[in-house]
Structure formats: structure tokens, C-alpha cells
Amino acid sequence: MSGERRGLALGLHLGVLALLAALQLVLPAFHHGMVARVMVLAAYAVGYNLLLGYTGLMSLGHAMFFAAGMYGTGLTIQHWGFGAGAGFLAGIVSGLAVAAAVGLVTLRTAGPAFLIVTMMLAQAFNLAALYFNDVTGGDQGFILSGLGLDLFGVRLAFAHPAVKYNAAFVVFAGCLLSSLWLTGSPAGRVLLALKENEERTRLLGYNTLRCRLFAVVVSGLLSAVAGSTYTLLFSYVGSTFGSILYSIYPLLWTLLGGAGTTLGPLVGTLVMTYFVDIASAITTGYLIVVGAALIVMVLWAPAGIVGGIRKRWARWLP
Amino acid sequence: MSLGPHLFLALLEGTVGALVLALTALGLSLVFGVMRIVNVAHGEFFMLGAIVAWYVSTLTGSFVLALLLAPVAVGGVAVLADRLVLRRIGYEPESTIVATVGLLYILQQAVLMTYGPYARPVEAPIYFRVDFPWFGYSGYKLVVAGAAAVLLLATWVALSRTTLGLQMRATQQDREMAQAFAVPVGRVYTLVFGVGAGLTAAAGALIVPVQQAHYLMGLDALLMSFVVVILGGLGSLRGTLVAALVVGLSDGVISVLFSPTLAKIVATLLVALVLAVRGRGLFGEELA
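Which chain is which? The protein sequence lines are A and B, in order. So in our numbering, spot 271 of the first sequence is number 271, and the numbers just go up one at a time. So in our numbering, spot 146 of the second sequence is number 1146, and the numbers just go up one at a time.
Chain B on its own, in the form it takes in the complex (with noise of 0.2 Å):
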């Protein structure tokens, strides 16, 4: 292939690869934004949402019905975390810190103990192909793309729309205003915690069929989370989805060009820096 048709089919990479990356970062973004903490175990509810999807096809042959019940049990599992550990620590941040790390471990070793060590792929419940001029693409690639913008855009209308949302932007605002007029702010957190937890898993469980599911796959997720929520500025989620276009683009142009270990090291290198010289990042406020 020439360079044309090459960064071409980097560009549509990188494109498939930003909406799930939006989708990835969103949780974390959220639950910056609206509870002011950390989650470190970001990347593991990835995982569980990717291990949950493979046992649920696999058992009930159903993918479909595994892609609608891995955000509700990740959400669950995300929940039963809030309401055990982060609520009797009073989301102290450092203490949520160490909490969340210990949540990663918990995690990741109680898969690696019932999934076991193994990379396993679920077979993508369509299958067919997109043929352009130069190169054949798969086509469950672009419904994955199109499935985490779904999500992307009835997230922004729940939070934009609904009483649950204004519940959720009021108490990111002001807390103590928000609670002092009768929003339950320990209910938000929980819903927060599990929502972002929920639409992560979601992200997991969507590329099942084209990545396999593997019990150290919440590593990258939640570096590229990172990456993506403080370049597009904590707690902002419009910066979240401009910065997840950013990177996931570069990320899939320096991928099919050069290689996928430096479009990560260029991206963390960015992000450090980025940080270290203005502490909000590209929109979001002050992370103090």
C-alpha cells in the first residue's frame, strides 16, 4: 500500500479507536468532575466489563444480551465498592487513592483466579466486511464505533435532560449548595461511582470481539483514561471527548505508522508535561 491509502486506514483506526477511548474515559472524567476522587481502579471495571461480556456469550451463546448485562453488573460491583470502602472514608482524596489501588488488586487477582491467564476473543455477533478501494475493513469495527457514540450522545442528553443529571452538574458545582437544597449527595456519588464504572465496562465489553479479554487489560485503559481526562482538563466532559478524538487519533496514526509503544510513550510524555506546566489541563478547572 501507498502512504495514502495507508494513513488513510490509520486515520479510520484511530478514529474507532477515539470513540471507544471517549467512551473508556468518560467514567473517569465523571467521577472526577461530580466526587473529586481519583479512581485508580478505572481500568479494572474495563476489564471486569470485558471478562463479564466473554463468560455471559459464552454461557447463553447471546452477545447482545452480555453487552446489556455487563454494565449493569460492573455498575453493581462499582456500587457495592462505593457504599463498602470510598463512603466510610468520607472520599478523603489520598486516602480514595489508596483505597482504589487496593480495589485494582482485588480485582485483577480475583479474575486472574476464576478467568484464569487466558486471552480469549468472543465471536463478534456480526460479521461482515467494508471494502474500499485499497483495503477490506471489518465491519463490527465501525459498529463498535458507532455503539460508543450511542452511548457518548444519550449520556451527554441524561446529564444535559434529566433531574438525575441536573442532580449530578449541581452537586459538581457546589456540594454543600447542592445538598443544603435537598439534592441527596450521597445517593448522587453512589449513582455517579456505578454510572461511570457501567459505561467503562460498556466500552470493555464492546471490544471483546476484536481485542480478547484478558485479566491485565484495565492497565492501558486506565493509562489511556488518564491520558485522555487530564489533557482534556479533570472534570470537564467536553474536554474528555475533544482530548479522546486527539489522542485516539495520534495514538492510531503513530500505531499503523511507527509503533504502538511509542504513540504510548509520546502520549504519557505529553500528559506529564502537560499537567506539570498547567495544572487544569487543556479546559478543566484547577486540580488542587
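The following block holds chain A by itself, in its conformation from the complex (with noise of 0.2 Å):
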């Protein structure tokens, strides 16, 4: 990528969250606490876009690595007596140890085996969570109570609105800018070139199963950060973000905003929470525009929003 356009679009990137920051300040209470769940939501997206956008990857059991998040975090604190800062570390620590786990059992398996192998592996983690129910909550799940941070002396409790919005802010930035810098980086390119012809790769030098390893943990890191995130930001556990409709929230969101685009993840979960809190209002049936979403973007818009934005007018974006 060129300097002008690596310019461009970091510009554009900051220019989004700039956005967002600033829309804390105009935002009706309800719409408030919206954007601030699409943020961490759209951090998980982040995260599945670098394996399915970047790396070419379809995995259908990433809701493990968002309730390894999750679980890290929430078990720790209610059982432990973890603070919200160490258990954020915990979230992260066992988001990782899946992934590794994960992406080693998963590492010579490629197309419909890869998606196969990633929902069985989720399957057998959401049953575990069920199993050891008097652990875990079962899928009723357990509410924490009084989580915060302590910086400078000032207590920053997560339940308040605006605390809330902007430590979803920060997780959200974070995931967002580090996955622009990652697929902007030589590492992003050695992906790219897997997911575009993974037997050239290696015969190019690289070490393939090793760059598909890197991929799998940084995708399962970033969906753990959010599934923490999550927990810590919504004082709630429970087996239902492990089910296999959260293994396919974010792969709808990614494909629906545009996979392989860095601003994709955000778009099309924004779009799509708000889609089905509205649908969610007329119907119990509500999750049937989660198919349609998928069935109309198979058929008429693989490209996705972003997607098709890019093949249309702007070349340039990352």
C-alpha cells in the first residue's frame, strides 16, 4: 500500500471513531446504550474478520473464544474475588489458551473441515458450560454486581452510562486500529496471500501452518477481549453467548458489513443490532431476518456494504 493511501485511511479510521466518541454527546439514552454494545460487538467482529476476511477461513464456533472471554473473566470474579482489571487479564489468558488449542487441532484442516471441526469443538465447549452447570450458571447464567475500575483515585463504575460507552469506546478502538495496522503489516500480506492461494504461499518460503496458528489466536484474542469486555461492561454470564447463533452473529455482521474490509465489522453490526432489536419488536420469530440477511447477501451482495462501497468508488480502502 502506498503512503498516500495508508494515510487516507488511517485519516478515515480515526475520522470513524472520532464519530463515535462524539456521538456519546447527542445520543438519546436508549441509542446510547446501543452503540455502546454494537462497539463491543463489533470488536468480536473485528476479531472474525481477520480470519475469515484476511486469512480465508470460514469458522462457524467462534462463540467459544467470545465465552472463553467470558467465562475467563466472569468465573474468576464471581468465584475468586477477582477485581474488573484482573479479570479482564484472566478473560484474556483463557481466550488464548483456546485459541492455541483451537488452532493446533485445527491446523491441517482446511474449507467446509475447518467449519465443521470450529462448531463441533464450540458445540462440545457450550455443552461443557451446560455440563458443569453449579459452575457455571447454565445457560440461566449469573449477574455480577458492582464492577469498576479504580484510576487516579477515582472510582469508575461500569454500570454508568457513560463509563460504560467509553470503555466500549477503547476495547472497540483498540480492536479496530490494531486490526488495520495487522493487515496493513507484512504479517496482514503473507494472510491475504494464504487466503488467496495457500499452496503458492508456501512455495513462496512461508511457513504456512504457522501464519494459519498466528491467525487463529490473534482472531480467537481480539473475540475473547470483546467477550470480557462484554462481561465486565453488561455485569452478565451465561451460556447463550457460547450457543451457536453468536458463532454466526459474527460471521453475518462480517459478511454483511464486508469481509476483508477493516471498517466492515462495524458497519454491519451496527446495522444488523439495529435490524433485529426492530424485528425483535414486532415478532417473536425475530431472528428469521438473520436468515434473510444471509440468503439476500448470498445472492445479491457477496461484496457486502464496505464491500461493494470499495468495488464501486473507493479503491483505496483498506
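Honestly, the hints are just simulated from the structure, not real lab data. Glycine included, every Cβ here is placed at the ideal spot set by N, Cα and C. Fair warning: there could be bad hints in the mix.
To be verified - Far from chain B by the CB rule (all over 12 Å, computed), these chain A residues:
| no. | residue |
| --- | --- |
| 1 | G56 |
| 2 | G85 |
| 3 | A124 |
| 4 | F132 |
| 5 | G153 |
| 6 | N166 |
| 7 | D277 |
To be verified - Listed next, the in silico DMTMM-like pairs over lysine to aspartate or glutamate satisfying Cα-Cα at most 25 Å (straight line):
| no. | chain 1 | residue 1 | chain 2 | residue 2 |
| --- | --- | --- | --- | --- |
| 8 | A | K195 | B | E1092 |
| 9 | A | K195 | B | E1094 |
| 10 | A | K311 | B | E1092 |
| 11 | A | K311 | B | E1094 |
| 12 | A | K311 | A | E196 |
| 13 | A | K311 | A | E4 |
Dock the two chains into a complex; use the hints.
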């Protein structure tokens, strides 16, 4: 990528982040909360996109990474009395451990096999969460209370809307900028090469297995960060977040926004979360919009929103 | 009960479960083998079969009619999905997976909106007890196992003895060569997708009197079908049967002696490991 393009891209991303930061001043209470939630979930989608959009691996088991972050944080706080900071770290460590294990097990599977193995592992993970329900609370889950951070002697309670919004913003910004940096870096280029043609990449002398493992671990790590943040900000831990629906959501968000575009996950998550919210007010079967959106995209808009924009008007979009 | 009869009950439950599972998974295996696509909506066809059976037998009072209508109706839905969506995206592997995930939610949520969130049983058409020295066993379950076995056998005969079966096998072996020999590959695809859904729907309809019809019952069916089809090797029908017996029996034994959840954890982990170590499963060909 040329220097001018890179400057343009960085400017655009910082502009989007500035817009998100400024939005909290004008949004009414309901949307304020919604956008905070969207940012945490979008961080999850950013992690998913690294694997689908930049490495070409479609996973149907990412919920286990999200849930690993969630349980790592929630369980240590609930049972061992960890603080928010230590709990966050525990979430990251457990996410890393699960991602590394999954990455190793799936190393030699490609295409549909990768998808099915991740789905099976995620299902086993979720069933295990249900099986040990005296520890995890099963599908009822459990609620945490009084979470917050002491920063320079000031108590920041996550239950407070402004703290929640800004914490979500910081996490999302961190994930978005790391993904922008990674995909523009030489390592990111190799991942992209892996997506385009694994055999040729190997022929060029790259250790493709190590690259794949790296991609799965980074993607799982960002997902776990999102899961852990979700627990801290919304004070809830439950097995729903490890269910197959939460593996399909990031796929949907990423595809809708545009796989392989850095801003796609945010756009997709924003649009879909509002869609689902509106539909849930109308019917109990509101997840039908999830199904309809997937089919519409496959048939008529495979590039997604940002991907479509890039194709038509802005070739320079990262 | 002491351990002996307990184990016998577990094996009996396991055998019945294995035959139903084989019938459920057969469609998925057939679709993968011939069309080379992973159908994530497969479990929803099972669920739809159960729901249609509930509607028909409740409205008409005839469970036999329900058993006949459910596969036909669900097969019709599958044919529509094939024509309207899958054919248009050219059966491209990843798009097909996304599309069938979409189909999964459309079918599941449409049932939730019409049938509702209830779990409702159908009265078994025949009721008798088979009395063993230690316990009585539902005769209907044995009938279910028998019906599943007959359908499995019928599918095998159709595949190995009829022209259509020959065309399916030809398409499975080499799609382009089959087309060159005037096999209507497009029509074979649609038919296979419809028949695969129909077989699964038959399994769903058969077990309504035992298990109740519920809009979320498809997920378990999907996962267990995946387990069986992968263990047996994607695309290998014989492998599917053998794996269904192994998985069904061990599932029955672990469920009765320990817990159903534990049985599913073991099965899914086993499958993930088999696929990761040996990409083609126990019998089948490499899945690239």
C-alpha cells in the first residue's frame, strides 16, 4: 500500500472513531446504550474478520472464543473475587489458551472441514458449560454487581452509562486500530496470500501452518477481549453467548459489512443489531431477519456494504 | 435394576436411536456425496418433518397419513430452496454454507411464528408393551426402529438398482463425465436435495410420538448427523451406517448410565479430533 493511501486510510479510521466518540454527546439514552453494545460486539466481529476476510478461513465456532473471554472473566470474579482488571486479564489468558488449542487441532483442516471442526469444538465447549452448571450457572447464567475500575483514585463504575460507553469505545478503538495495523503489515500481507493461494504461499517459502495458527490465535484473542469486555460492561455471564447463534452472528456481521474490509465489521454489526432490535419488537420469530439477511447477501450482495463501496467508488479502502 | 438389565436397556435404546440417527444422517451424507455441499439446514428438515406430522395427525387424526405427507412436503420445501437459492449461487461451497445457515433460521423462526414455542406430542398410532423379564418396553419404539431400517434398505436398493440411483452415483463420481454421458446433473442435484430432506423428515415424523415436536429440535439432529457423517466419512453411505450404529449405541449407553449431555460432549469432541487428525473420516474420501 502506498504512503498516500495509507495516510488516507488512517485518516478515515480516526475520523470514524472521532465520530463514535462524539456521538455519545448527542445520542438519547436508549441509543447511547445500543451503540455501546454495538461497539463491543463489533470488536468481536473485527476479530472474526481477521480470520474470514484476511485469511480465508470460515469458522462456525467463534462463540467459544467469545465465551472463553466471558467465562474467564466472569468466573474468576464470581468465584475467586478477582477485580475487574485481573478478571479482564484472566479472560484474555483463557481466550488465548482456547484459541491456541483450537488453532493446533484445526491446523491441517481446510474449507468445509475447518468450519465443521470449529463448530463441533464450540458445541462441545457450550455443552460443557451447560454440564458444569453448578459452576457456570448454565443457560441461566449469573449476574455480577458493582464492577468498576479505580483510576487515579476515581471510582469508575461500569454500570454508569458514560463509563460503559467510553470503555466500550476504548476497547473497540484498540481492536479496530490493531486490525488496521496488522492487515497493512507484512504479516497481514502473508495472511492475505494464504487466503488467495495457500500452495503458492508455501512455495514462496512461508511456513503456512505457523501463519494459520497465528491468524486463529489473534482472531480468537480479539474475540475473547470482546467477550471479557461484554461481561464487565453488562455484568452478565451466560451460556447463550457460547451458543451457535453467537458463532453465526459475527459471520453475518462481517459478511454484511464486507469481509476483508477493516470497517466492514462495525458497519455490519451496527446495521444488523438495529435490524434485530426492530424485528424483535414486531415478532417472536425475529431471528428470521438473520436468515433472510444471510440469503439476500449470498444472492445479491456477496461483497457486503463496505466491500461494495470499495468496489464501486473507493478502491483505496483497506 | 442390576447392571445386566440396565445395560440391556441401554443397548436397546441405543439400537433404536442408532437406526433413527442413520436415517436422519443419510440425507446429509447423500447431499454431501453427490452435490459436494455441506447443508447446515439439514436439522431443520428433520424438525419440519416432525412439525408437519404433528399438524397432519392433529387435523386429520391419521398418523399414517402424516408419515406419508411429511417427507413429501419437506422434500418440496427443499426442492424450492434448491431452485431459488442454491442453484443460483452455483453450489459454491462457502456461499452454500452461508445460504443454508440462512435457510436454517428462516425455517426455524417461521415454525416459531406459526406453530409456537411448544413441545407437543402425537399419540402413538399403535400402543403395546413388549415385556422383558426385567422391564416393559414401548412397542412403538421397536416399530420406529423397524420402519427406519426399511427406509434405509429401500434407499440402498434405489441407489444400487435403479436408473436414477445410477445417475446419482455417476454424478457423485465425476460430475463432468456424467454430464457428458447425458446425465441431467442439474435435475439430479435438485432430486438429491429433495430426497435427502425427505428421508430426514421421515425420521423426524417417526419419532414425534416418542419425542414431541419442538421448533428447536433441529439443532441436535444437525449436530448428531454431522458427527455420524464425519465419523463415517463424508460421502460414504456405508460409513454413515456403521458410524450411526457406533454413535447411536455409545450414545444410548452413556446416556442411560451417565448423562445425555456427557454423551454429546464425548461424541462432538471425538468427531472434531477424528476430522482434525484424519481429514477424510473413517471410510470416506478427502474433504478439501
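Now the hints, each set against the structure:
Not every C-beta of chain B lies more than 12 Å from that of G56(A), the closest at about 9 Å, which undercuts listing it as non-interface. Every CB of chain B lies more than 12 Å from the CB of G85(A), the least distance being 33 Å, so the non-interface label holds. The claim that A124(A) is not at the interface with chain B is violated, since a C-beta of that chain comes within 12 Å of its own (minimum 4 Å). Non-interface call for F132(A) relative to chain B: violated, since the shortest CB-CB distance, roughly 10 Å, does not exceed 12 Å.
With a closest Cβ-Cβ approach of about 47 Å to chain B, G153(A) is found to remain outside the 12 Å limit, as its non-interface label requires. Its beta-carbon lying about 34 Å from the closest one in chain B, N166(A) satisfies the requirement of being farther than 12 Å from that chain. The beta carbon of D277(A) sits about 16 Å from the closest Cβ of chain B, which is more than 12 Å, so the claim that it is off the interface holds. Note on K195(A) and E1092(B): the hinted pairing holds, with a Cα-Cα distance of about 16 Å set against a maximum of 25 Å.
Between K195(A) and E1094(B) the CA atoms are separated by roughly 13 Å; this keeps the pair inside 25 Å, and the hint holds. Taken as a hint, the K311(A) and E1092(B) pair is honoured in the structure, with Cα atoms around 21 Å apart against an allowance of 25 Å. Between K311(A) and E1094(B), the direct Cα distance comes to roughly 21 Å. Compliance with the 25 Å bound is thereby established for this hinted pair. At roughly 18 Å between alpha-carbon atoms, K311(A) and E196(A) fall within 25 Å of each other, so this suggested pair holds.
Using a Cα cut-off of 25 Å, the hinted pair K311(A) and E4(A) holds, with the two alpha carbons roughly 19 Å apart.
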